[in-house]
Amino acid sequence: MNAAILVRKITELKSAVIEALDFLNYDFSGKKVWVKPNLLAPHPPGAGVTTSPELIYEIVSELQRRNVKKIWVGDNPAGAHRRRLEEYLRPTGVVEASLGNFTNVSINPVWLTINSRFTSEVPVSNIIYEADIILNLPVFKTHALTILTGAVKNLFGIIPGGHKAFLHTLAADADQFAELLVDIYQAVPVKIMNIMDGIRVMDGVNGPSGGRVREMNYLLTGENAVALDAVMALLAGTFPEKIPTVRIASQRNLGPANPAEIKITGDFAPIPDFRLPNASFAALITKLSRPVYRHLIPRVPVLNSNRCIRCGECAANCPVLAIKMDPYPEIERRKCIRCFCCAEICPTRAMTVAGHLKSFWLRTIQR
1 MNAAILVRKI
11 TELKSAVIEA
21 LDFLNYDFSG
31 KKVWVKPNLL
41 APHPPGAGVT
51 TSPELIYEIV
61 SELQRRNVKK
71 IWVGDNPAGA
81 HRRRLEEYLR
91 PTGVVEASLG
101 NFTNVSINPV
111 WLTINSRFTS
121 EVPVSNIIYE
131 ADIILNLPVF
141 KTHALTILTG
151 AVKNLFGIIP
161 GGHKAFLHTL
171 AADADQFAEL
181 LVDIYQAVPV
191 KIMNIMDGIR
201 VMDGVNGPSG
211 GRVREMNYLL
221 TGENAVALDA
231 VMALLAGTFP
241 EKIPTVRIAS
251 QRNLGPANPA
261 EIKITGDFAP
271 IPDFRLPNAS
281 FAALITKLSR
291 PVYRHLIPRV
301 PVLNSNRCIR
311 CGECAANCPV
321 LAIKMDPYPE
331 IERRKCIRCF
341 CCAEICPTRA
351 MTVAGHLKSF
361 WLRTIQR
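For the sequence shown, position 121 matches number 121 in UniProt numbering, and the numbering has no gaps at all.
Since the hints were derived computationally from the structure, they do not count as laboratory data.
Keep in mind the model is a prediction, meaning the values are calculated, not measured.
Hints are not guaranteed to be accurate.
[Said to hold, decoys possible] Okay, derived cross-link-like pairs now, EDC-like style, lysine to aspartate or glutamate, Cα gap no bigger than 16 Å in a straight line:
hint, residue 1, residue 2
1, K263, D273
2, K32, E130
3, K191, E241
4, K9, D267
5, K242, E179
6, K242, D175
Model the full structure from these sequences, guided by the hints.
Structural data, given as C-alpha cells:
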C-alpha cells in the first residue's frame, strides 16, 4: 500500500500537473485511461462544485504527451441525464477542456458485484471494464452528510445518477452511506490513482454544491484514495477518523487514517478558518433509529423561493418522491430521508441544508 501524498501549492498549473503525474510513478504509455472528474451538476467553474476545467485540460494534454492509447473524460452527474449529457454538462467547461475526449459514460451501464449488506450489485459505466486505470479527480469540498467529500466518494460517480439516488434509500444515515461508499470503492476492478482539485475549495454546511468557495490553489496527489482523503481532512483542520469514509476504509485496511502512517511531502499547511459541517449531527444520526432522527434532528433541506426557478430537478431526482411542485417545491417531511440529493442537484442553490434551532422553527412553520 503506497500511502505517500504530495500536497502542492500551485504557482503554475502545467508544471504542477507534470509533477503530480510524475509523483504517481505510473507508466501511462499505451494505457487506456478514464479521467474521472467530479461533474455533480452543470455549475460554472467558479462555483467550486465541479472539477476545474483548467485542471482537466492540463491533465488531458499531459496524458496525450505521454502517449496514452485512449482517454475517456466523463462522470455520472446527479439525476438522470443519460441521453443529453454533453449539453447538460457544457456549463462546467468539461467538454471543451477534454480536447475531444469527453464521453457520455451514463449510457449502456453494466452490473458490478459488490460485497455489501445493502445490495449485492450496482450498475456502473461500462468503460470500467475497458480502462487500464481510473485517474480520479475529486474536488476538495464539504458534504452535508459525510462531512467531507473526496477521492473515495468520487468513485460513487461510476454509478448512473438515477441509481445513485436509489442507493440513498438503502443507506440513509451518515455511517450507512459511508459504508456503502467504501463497499463500492473496494469493488472497483481497475487500478485507481488520484489527483484532488483544491484550486477552489468549498467549505460550510451547504457543501457539496452551495458552500463558501475559496481560492486556495492546492493540488493533492496520491495512489491511495483513503490516505488522500485523510490528508484532506488534516488540511481542513479535523481528524481523519471523523470522516466516516476514511474511518471505515481504514478499519478494512484499505488505507491509513493515522497521519503517522502517511508520508506527506510538499506544501502542507492547514487551511485557516475552514468551516466544516456540524459533525455532531452526523454522529448522532448513527445512534438513533431512522424514525427518531427524522423527527428530532433539525437538519433538513430548506427552500429559498427567491432563488428557485421552478425547474423541478429536485422533485424529479428525489429518491423517495418526497418533493412535489406546487408551483414551488414542497417537501413532505415525513418521507424525507435527509440524503440532500435535492440540495446537491439544485442549479441555483435554492435548496440548502439548515441546522440547529433555526431549522427546527422552519420545520415547525412548514408543517
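Status of the hints after comparison with the structure:
| no. | hint | result |
| --- | --- | --- |
| 1 | K263 to D273 | 25 Å, violated |
| 2 | K32 to E130 | 7 Å, holds |
| 3 | K191 to E241 | 25 Å, violated |
| 4 | K9 to D267 | 6 Å, holds |
| 5 | K242 to E179 | 14 Å, holds |
| 6 | K242 to D175 | 11 Å, holds |
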